[in-house]
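Participant: Quick note on numbering: numbering that gives the first Met the number 0 labels position 217 of the sequence shown as 216, and the sequence is numbered without any gaps.
Hints should not be assumed to be uniformly reliable.
Unchecked claim - Ranges of calculated distance between the beta carbons of each label pair, as one might list FRET restraints:
1. 201 - 8: 36 to 44 Å
2. 141 - 54: 17 to 25 Å
3. 126 - 237: 34 to 42 Å
4. 122 - 51: 36 to 44 Å
5. 5 - 215: 40 to 48 Å
6. 8 - 85: 28 to 36 Å
7. 212 - 130: 27 to 35 Å
8. 33 - 181: 35 to 43 Å
Keep in mind that the hints were calculated from the coordinates and are not lab data. Remember, it's a predicted structure, so these values are computed and weren't measured experimentally. Every residue, glycine too, gets a C-beta built ideally from N, C-alpha and C.
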Amino acid sequence: MDIALADADAVYEYYRGHRQPALRAKALYGWLALRHRPDVHLDGEAARRLRELRREPGHAVIVSANHVRQTDPFVLAATGFRSPLRPRIGTIRVLAKDGLFQDPEQRRKIDVMGGIPVFRPKDHGVRESMAAGRTMIDVCIDRMSRGDWLAVFPEGTCNKGDPARLQPLGSGLGHIALGALRRGQPVSLVSIGLAYRDTTAQRTSVSISEPVEFDGAARKSAAAATRFAAARLQEAVDRATARL
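Given the sequences, and given the hints that come with them, work out the whole structure.
Facilitator: Below is the structure:
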């Protein structure tokens with residue numbers, strides 16, 4: 000099956016039920032950890048809270064990371080292997096632009112990593128991608144209701160400006176969080192900041208925040224949930240940058 004906007008209904012029906020091969024996923028994540036070796040720091044009680052969330056199957060978790068380089072998805076996978084996220088490998092879905100699914104070999108790897116394609120408005124047009132975007136959000140909510148965690152790069156594209164300051168976040172994360180909340184599912188956010196010393200540095204400074212629930216004002220609208228996520232992610236980026 001081709002990953003094409005014209006076939007978005009079939010694409011998302013496939014990824015609604017797709018299961019990662021867990022052993023292959025762990026092996027790939029482990030290989031990426033050896034290759035990239037991120038310097039991972041867990042903030043406060045992050046390790047304890049992540050272990051607790053792993054024991055709460057009805058609690059949805061969204062992992063949000065900033066986007067600096069094209070290799071960030073591999074660094075995020077390596078971070079997962081080198082952190083308390085490791086036991087969840089094989090049940091973490093990762094949103095990725097549809098263009099990454101076009102090469103068959105690359106698509107096989109992304110499928111192993113838990114990828115779900117996103118037809119971005121910047122690539123396909125706002126009106127043309129709107130229906131596919133709604134379906135993608137519904138698939139993510141459905142996957143979380145069945146126990147999967149979700150990982151996103153909510154900026155939507157690499158930061159070509161100051162990597163220490165977030166770009167505006169897309170609203171998708173907020174819509175997904177709000178949709179799960181409206182179905183009665185508690186949702187926690189794990190913010191992961193990525194920082195590099197310079198444009199040629201290979202090692203990444205990574206800060207994993209304590210999980211925080213979307214509650215209070217963050218539950219009022221998708222925009223409010225997005226603002227909440229942006230503030231938490233900027234804090235994680237600040238911590239990662241400070242540790243360079």
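Participant: Check each numbered hint from earlier against the structure, then list the numbers of those it violates in ascending order.
Facilitator: No hint contradicted; all consistent.
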